[in-house]
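S.K.: Assemble the complex: chain A is given as a structure, and chain B must be docked to it using the hints.
So you can see what is in the structure, the chains are spelled out below.
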Amino acid sequence: DAGVTQSPTHLIKTRGQQVTLRCSPKSGHDTVSWYQQALGQGPQFIFQYYEEEERQRGNFPDRFSGHQFPNYSSELNVNALLLGDSALYLCASRPPRRGLNYGYTFGSGTRLTVV
Amino acid sequence: GEDVEQSLFLSVREGDSSVINCTYTDSSSTYLYWYKQEPGAGLQLLTYIFSNMDMKQDQRLTVLLNKKDKHLSLRIADTQTGDSAIYFCADHSDSSYKLIFGSGTRLLVRP
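Residue numbers (the numbering used here), protein chains in the order written: chain A, 1 to 115; chain B, 116 to 226.
Excised from the complex, chain A in its bound form (with noise of 0.2 Å):
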């Protein structure tokens, strides 16, 4: 069973350039969360999907938007990099119903470097 899986695992941008990042949540999940997690730091919310909708944002610009897909796939988009972008940006899948398994499944991540 593939966990969360996202692409690409590693990317450079030039400051100005837009990037978009892509995650597959783990199999039977539905909502989707984006962190942006920068060097030394603990991961910070960006915002959360379900049924195709941003159901919750964090403290982020809105260079900073997303898309979720019917298949429950989602993108994350940033527009106009900053230096500052540079991070870690880890997605985090979620199933439908409290459980046993409730919690979040993180991915490995993408590395973006803007230069």
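Calculated from the structure, these hints are not laboratory results. Quick reminder that beta carbons are idealized off the backbone N, C-alpha and C, glycines included. A portion of the hints provided could be inaccurate.
Across the chosen pairs, the derived CB separations fall in these ranges [what the hints assert, rightly or not]: (1) B:Met170 with A:Gln17: 34 to 40 Å; (2) B:Asp131 with A:Asn71: 45 to 51 Å; (3) A:Glu51 with B:Thr145: 20 to 26 Å; (4) B:Asn167 with A:Gly16: 46 to 52 Å; (5) B:Glu153 with A:Asn59: 44 to 50 Å; (6) A:Thr5 with B:Leu123: 27 to 33 Å; (7) A:Leu39 with B:Asp118: 18 to 24 Å; (8) B:Thr145 with A:Pro70: 49 to 55 Å; (9) A:Leu83 with B:Gln172: 25 to 31 Å.
M.R.: Just chain B now, with coordinates in the frame of chain A:
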């Protein structure tokens, strides 16, 4: 606002027990999680505890929750070198859809 705090570093000898501590501020916390992150990797869910529980044991892991003091701890028995990693405490409440993470505790296990 919501905040989660952890000590930054812990060093133990192989075979000893490790105790990693965490404090949180959210009174409406429903679930509290412990995640492990190895270098260059994502987050691995180790265990979680519901806010109406005091303790949860899962093999070598014991989680203690003091809801009055908003204090959470993770005890790892018989710590091994493979346990060396960064451990994150995370808080989740039903009034929000986000996890609030601490800054992580780096555990170093000495042979």
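S.K.: Any hints this thing doesn't respect? Which numbers, in order?
M.R.: Those not satisfied are hints 1, 5, 8 and 9.
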